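Chemist: Can you join these two chains into the complex? Each is in its own frame, and there are hints to help.
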Amino acid sequence: MADKMKVKITVNGTLYEREVEPRLLLSDFIRHDLGLTGTHVGCEHGLCGACTVLMNGEAVRSCILFTVMADGADIKTVESLGTMEKMHPIQEAFQEKHALQCGFCTPGFLMTTVEYLGKNPNPTAEEAREAIDGNFCRCTGYENIVEAVQLAAKKMAAHEQ
Amino acid sequence: MTESLISKSIKRNEDPRLLTGNSTFIDDIEFPGMLHVAIKRSDYAHGVIKSIDTSEAKKIPGVVAIYTAEDLGDYWKAGPLQVPPPTAIPGAIFHARPLECIAKNKIRFSGEPIAVVVAESRYIAEDALDYIYLDVEMLDYVGDLEKAVEPGSALVHEDLGSNLAADVVQEVGNYEKAAAEADVVIKKRIVTTHVAGGAIENRGFVAQWDDNMKILNCWATTQGPIPMRNSIARYLGLMENQIRMINPSIGGGFGPKIMSSQIDDVIIPWIAMKLKKPIKWFEDRRENFLGTTSERDQVHYAEIALKNDGTILGVKDVFYHNTGAYDPYGMTIPLNTQTHVISNYKVPNYYTEIKMVFTNQMVVTPVRGAGRSHGIFVMERLLDAAAKKLGMDPVELRRKNLLPPEAFPFKTGVTGQDFVENILDSGNYPMALEKTVQALEYDKFKKEIQPKLRAEGKHKGIGIIMFTEGTAVGPYEGAKVMVGVTGKVNVVCAYSNQGQGHYTTLAQICASQLGVKVTDINVVIGDTGQFQWGVGAFASRGITLVGTAVHQASLKVREKALELGSKLLNTPKEELELEDGCIRIADLPEKSISLGELAMKANPTRGTVEEGMEPGLEAAAYYGPPHGATGFGCLGMIIDVDAETCKPKIERLVLTDDCGTPINPMIVDGQLHGGLQMGIGESFYEKLVYDEYGQMVTASYMDYLFPQASDMPAKMEIKHSVTPSPLNPLGVKGIGEAGAICVPACFMQALEDALYENDLDIVESSLNPSMLFHYVQKAKSA
Numbered sequence: 001m002a003d004k005m006k007v008k009i010t011v012n013g014t015l016y017e018r019e020v021e022p023r024l025l026l027s028d029f030i031r032h033d034l035g036l037t038g039t040h041v042g043c044e045h046g047l048c049g050a051c052t053v054l055m056n057g058e059a060v061r062s063c064i065l066f067t068v069m070a071d072g073a074d075i076k077t078v079e080s081l082g083t084m085e086k087m088h089p090i091q092e093a094f095q096e097k098h099a100l101q102c103g104f105c106t107p108g109f110l111m112t113t114v115e116y117l118g119k120n121p122n123p124t125a126e127e128a129r130e131a132i133d134g135n136f137c138r139c140t141g142y143e144n145i146v147e148a149v150q151l152a153a154k155k156m157a158a159h160e161q
Numbered sequence: 162m163t164e165s166l167i168s169k170s171i172k173r174n175e176d177p178r179l180l181t182g183n184s185t186f187i188d189d190i191e192f193p194g195m196l197h198v199a200i201k202r203s204d205y206a207h208g209v210i211k212s213i214d215t216s217e218a219k220k221i222p223g224v225v226a227i228y229t230a231e232d233l234g235d236y237w238k239a240g241p242l243q244v245p246p247p248t249a250i251p252g253a254i255f256h257a258r259p260l261e262c263i264a265k266n267k268i269r270f271s272g273e274p275i276a277v278v279v280a281e282s283r284y285i286a287e288d289a290l291d292y293i294y295l296d297v298e299m300l301d302y303v304g305d306l307e308k309a310v311e312p313g314s315a316l317v318h319e320d321l322g323s324n325l326a327a328d329v330v331q332e333v334g335n336y337e338k339a340a341a342e343a344d345v346v347i348k349k350r351i352v353t354t355h356v357a358g359g360a361i362e363n364r365g366f367v368a369q370w371d372d373n374m375k376i377l378n379c380w381a382t383t384q385g386p387i388p389m390r391n392s393i394a395r396y397l398g399l400m401e402n403q404i405r406m407i408n409p410s411i412g413g414g415f416g417p418k419i420m421s422s423q424i425d426d427v428i429i430p431w432i433a434m435k436l437k438k439p440i441k442w443f444e445d446r447r448e449n450f451l452g453t454t455s456e457r458d459q460v461h462y463a464e465i466a467l468k469n470d471g472t473i474l475g476v477k478d479v480f481y482h483n484t485g486a487y488d489p490y491g492m493t494i495p496l497n498t499q500t501h502v503i504s505n506y507k508v509p510n511y512y513t514e515i516k517m518v519f520t521n522q523m524v525v526t527p528v529r530g531a532g533r534s535h536g537i538f539v540m541e542r543l544l545d546a547a548a549k550k551l552g553m554d555p556v557e558l559r560r561k562n563l564l565p566p567e568a569f570p571f572k573t574g575v576t577g578q579d580f581v582e583n584i585l586d587s588g589n590y591p592m593a594l595e596k597t598v599q600a601l602e603y604d605k606f607k608k609e610i611q612p613k614l615r616a617e618g619k620h621k622g623i624g625i626i627m628f629t630e631g632t633a634v635g636p637y638e639g640a641k642v643m644v645g646v647t648g649k650v651n652v653v654c655a656y657s658n659q660g661q662g663h664y665t666t667l668a669q670i671c672a673s674q675l676g677v678k679v680t681d682i683n684v685v686i687g688d689t690g691q692f693q694w695g696v697g698a699f700a701s702r703g704i705t706l707v708g709t710a711v712h713q714a715s716l717k718v719r720e721k722a723l724e725l726g727s728k729l730l731n732t733p734k735e736e737l738e739l740e741d742g743c744i745r746i747a748d749l750p751e752k753s754i755s756l757g758e759l760a761m762k763a764n765p766t767r768g769t770v771e772e773g774m775e776p777g778l779e780a781a782a783y784y785g786p787p788h789g790a791t792g793f794g795c796l797g798m799i800i801d802v803d804a805e806t807c808k809p810k811i812e813r814l815v816l817t818d819d820c821g822t823p824i825n826p827m828i829v830d831g832q833l834h835g836g837l838q839m840g841i842g843e844s845f846y847e848k849l850v851y852d853e854y855g856q857m858v859t860a861s862y863m864d865y866l867f868p869q870a871s872d873m874p875a876k877m878e879i880k881h882s883v884t885p886s887p888l889n890p891l892g893v894k895g896i897g898e899a900g901a902i903c904v905p906a907c908f909m910q911a912l913e914d915a916l917y918e919n920d921l922d923i924v925e926s927s928l929n930p931s932m933l934f935h936y937v938q939k940a941k942s943a
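Sequences listed follow chains S and R, in order.
Numbering of the first sequence is given in the numbering used here, commencing with residue 1 and proceeding in unit increments.
Numbering of the second sequence is given in the numbering used here, commencing with residue 162 and proceeding in unit increments.
Below, a list of computed lysine to aspartate or glutamate pairs in the EDC-like style, where the Cα atoms sit at most 20 Å apart: (1) K876/R with E127/S; (2) K4/S with E287/R; (3) K172/R with E147/S; (4) K810/R with E918/R; (5) K876/R with E147/S; (6) K169/R with E96/S; (7) K876/R with E126/S; (8) K119/S with E160/S; (9) K608/R with E812/R; (10) K169/R with D681/R; (11) K86/S with D681/R; (12) K678/R with E85/S; (13) K810/R with E126/S; (14) K808/R with E130/S; (15) K810/R with D133/S; (16) K810/R with E127/S; (17) K880/R with E147/S; (18) K8/S with E58/S; (19) K549/R with E925/R; (20) K348/R with E307/R; (21) K762/R with E740/R; (22) K507/R with E332/R; (23) K172/R with E96/S; (24) K808/R with E126/S.
These are calculated hints, taken from the structure and not from any lab test.
The structure presented is a predicted model; accordingly, all values stated were derived computationally and were not measured.
Only chain R is shown next, with the shape it has when bound in the complex (with noise of 0.2 Å):
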């Protein structure tokens, strides 16, 4: 019996070399001859461009070359759509705007790019930035959501004649019917804020061009490395088996790195074969902020319509959604807000519509959550203020609500970021309640404790908020498993990691097959040389997509290994076992021949072979799944306020969570950790802000408030279930968005009851110890 090593807290095969600087990170390639790119950015967030003038930054010494769109020619053109449109929804209307990778008449977002510097080195090319000068006739700045989509607005892009970029309708059943039969109507507008990515390591690209050869070799920071390739292809007019796309080690992804059709995508592969020499472009932490993408902007005009009871009988949420100065990454945030706000409640009647609006900001992609925790934001806020308005207690309120566990799979009848009906696929959200209420004592705090603190003047609050994290979504991934003749085994695909384990848990999935080591099993990722098909890292599917997919090719490996040691060791299959990276014959272990050996006869080098033989001990797999994988949870915080400051201390944080099965606890765990410091870092301290004019003013580490190791609670304690996945064989989900989506609803819910005196309704998703202060002065004055 070959061991299984799923669900083990196996350390990571990936660890010796990024612990002691042995990996290769984006900034860690040089090449001789190599020549560096800067970008220089648009200071303005609107406005026409009448002319750039690079004379004096091209007499500097070291200055290679500097080009602006008009230098491109015809190779300048808008790059494809990376999400095609919502098609799939009836009578939705999308206006397709995709990237401009550098402006050419007009200048839509501050830090658009405008001009590229290829210098001798990376200071020269940054001290030429300086001479270019933009010439700009000034149009108005639009940045209020709602305010954009009023006539009179300045336009983003005038040839559509509003900046409206999208309307989705999605209805289910009929709620302005269970409006007028409800016993309360609760109406609420709420904001979701706007935060960065904020990964450590920045975006960047390097490309080498061979020019005798005719190959383009490319690394990039990217989370999407086969799209990304595909984009430079049509391009360049290459061939996709000219592209040599590779992710070095990436430093963290959390969203922004999955855009491709970008400047640095299309214009460094182009100067690379323009110059014949390797060009490195290294993003630094400002065009980050500035020209990176980034998320959260949403304005929900929210209702939820209940009987005296409790019982929900319906939910209206019409919502404005920034997509920032163009929308080449389609719907994907807000349909995922759509789906994620009935995602935990029987809602039996529910009136969602998007309003997706052109905005003078940077373009806004996915950021780890990715609408889901706007969607569970929105609907754990409109519980809690039918809770206060119904005098019930808000656990009993959303115990009164849970979709039953026997109510899955569940059709919910809203259509998904991946465009077919979003159907739960499996979930038990009782016992995740339960569990964290059990965990945090909450009757015993409700009851006793609490009652005594504020008797001593004390401001410590409880919040408890359920969430789903939708994942796994297809269309498909890929993974190609082969035996070496080392006996060692190669797992390889093209999917990309920043972080999340891979090389780990990929490996477990492969051993469990094989009985082979998992450090025996090295595993290759985003390698469109050695594998050439896939996707990318978003909507957590990783382990479950690439996963699956190893874990199939595993299984042909294992059948074609026990196929060929069954005849040379002229024993049935079925009296053969695959361990210890032999195949043995199960009472005579001694009768044996190693994987590596099988892996040579796999490969005849002479001879005949029988018709339909396949060389090698090798196989390829292909996943994709019907639709996607539903984590879930329930997650409690005891926060302590310090009523004079406003400053919050997380006492205690329980979260439950339900991811299915676990290849690697102990990675599943960092995941959560990981979401949740996002989680309170967009709660209470991480916010892009830009001024009346479309500035950024927090294009900083000084500015933009990253939460450290004294933001974050003594112990994150981290409870599971497993409710295995019915949609793929390991019964994994995803689990790299939970975090992050969960906090703020909870966040806010506990404030607001550590300040009770107050009755605060906390309709943002991010305060910080000022806004507090002002939210806690407003309820005084009411």
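Same shape as in the complex, but just chain S (with noise of 0.2 Å):
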């Protein structure tokens, strides 16, 4: 078995210092080593989009990503975003247009909406489609979640007013 290897990635604004496995999937690393379970694997390989999580401000699938290839990145997992007593414009957009059933693959749209929205404040409907086909969802037939997207561009926009 190779040496592990040390890596400093910040998650969620903390700072960890670490000695890894090189084959350590970042998918792992996020839920296993530092116990943030609300990124969450569909697939393991790269298809379904569960595991997305933000890179340096981008959307990443992190259970095709070695931690090493995260040394010194700035990693956000959905446990970035609101809590449950406040939660985040997204999350709470998600929630009024029932964008979500079991929510396993959520916290993937989430993250990939954070990104879209950041680059895209007002999509239309067929944009908000297009920015979410590379997530999988097998419960709400993804109408839900297109809407959501575009309330959760709306509440965002109202937020910065």
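Modeler: Put into structure tokens, the structure is as follows:
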């Protein structure tokens, strides 16, 4: 087995210095080493998007990245958004639009949406649909998620005013 | 008057924890010293095990133990049948071959477990899998349903002498006589496709044995916690209350998570007790494709006999049903098929025969739809062929034959999956048909729009089909309602939730009786330490069975609270009201007592009580219907097909659905949306494919096409009608499977209509651009 490697990774604003196996997946590091279990793993081959996190602001699939590839990076997970008592506007929009059922894929959708609305703060329905096309959901048929992304955009615009 | 919260679209109680990463799913459970399991699965589909060599794998640092069937000794035994045989049907032949959780002498499907590795980490456990060597004497693969039952086929279970697992004939009237008298008889071979459940969360199991207390704590993604607990108790020789089975949050079910007596729930508790360590197994996606259950694989030889005016005289359907390598789930799926073929129309003569077949494929158990969609597909395809043959409009043909509203309750004469005669409890099919027809402007589309489009060289087709959804079958479910000393209320049951919204809908039902806020009701689902009785989440039965039990238990608690309140407030019950979390005198609202205070008083700690007194503001109730409640609807779609690439685009989708009283209309629509997505997936994207050696070639999401947002229509237009079920006090029916049931039949009708220049005869429930192209070429060369 290969020697462990030192990494420094900032996750949700906290700097973690750890020694990890080179083969440790970023998703496993986040979930099992750091205990941030809001990030979920659905396919382990980069297709379903449940494990989506932000790495230096970009939405990435943490199940097909090694932890060592994130050395020096700034990672944001679903835990960086709101709390149960005070949810982030995107989370509020998902609840109001019934954009989740089992909720397993949801953290990936949320992080995809965070990145996307940063780039396009006022998407049309078609654009919102395109934005979430890489995330799988088995429960909702996506329609309410598309609506939630648009509602979230409105809520975030109102927040900024 | 306590405010009713039934039929209100209330935001879900469970959402904040799910949205913020505060839910515990199975793989989130961690204990100090926990060991991890990985399962070695056979790469061969059919063979005799010569040897399994684990010696090299055992040498890997961090590997704690490896177990094969041989290592299990007497513990190894085939599991119980999860669904009993259909002995209620006269003449039914059924050969029980319950699941062998780990292959002993013989391998019967590719993906079948052959060894279990326990290691300090999942990474190490998976490393070890590559060092386990399996020596097998290969046998011929059995995969073709029709060839499997011909003489000379290799045998999945040699002792049976045939691969025929079951043969069940049911007949109403006399089909042969009807066919002889008919003007037109149409015969078709129709195939339904093999699809996966595809929950985004795979299955998982965690076990922790407390050796001092002799308590086995288990967490599982099961849809049936009580049957799974009981299976474990039987295996391990424990009392039921020595096992606490808990459902954590579950990331979707869709059917395959119903199975118990599989490798995980049989072996992992045994290992946890043996090693006295907490053990975790979390399935990976490849295992889920290979080794978990799936469904839909049927081949039908179907006929319909009609008069020239379109009146149906009879239907005959002889079909092969793939049960995979074992048949632990009995005949639920094909029995659903038998009942659903004739569930919408007047069919006076019906002959139906199931030939259930063992194959060298993963075990088949229900996937959302569970045999119903196949029955609907067969009947609607027959009607489409009949409409063409008779030169009738397909909607007109349906209109002519629909069961009228006054026919209900309607006895079909066929025994269903619940082993009682299938009775359609209520319905108004013509209303559903006309709603969809109107919303799509069917006549205008056919007479004005489509001719113009065709003149412009465009290929836009319309499809309209009817369906039913047999839901809410017995035997029973139960629930307990308890007011706590804080005035908040607990609702507990041993059902299972995979996203259906029960934390909210069951709270709505309870709150409507107890006058508390929905957010003040804590619903616990699937914890056998809190509730000991139940069956499980299947057949869209949760809201009807558990919901009715919650309703009845809430009524009892309400009565108890009013009785006690009446004594404490010195006022007759009739003058009291239950609202805002307290009991008060209707005319003197300042004279009140809170539910929390009443709960304290209902549990006296000194003094004496009256004889027969039951403490607490608590009551349990159980509900079992005499037969299922049948939802129904009509789906219409307009599909635009690019004739060159054969790529379809769903331009409009209108679904009229009737599930009786909706408890939470927002959640009902959500269920329909998700079901429709699975139906669209089945129709044009998803397909499990085995090659000629029994290797699944679609065991990843690269190969198994999961429907994505861009594959869905821009808007699913959902219309409702409400025909309350007469079977239960709330008038509810299930809703979980409607969307998945109805799409393929409608999709194929619309494709045939779109590519009208060629007389397509689509006989499969799943296509893709290439297959559709081939249909067109075949029709052109015909």
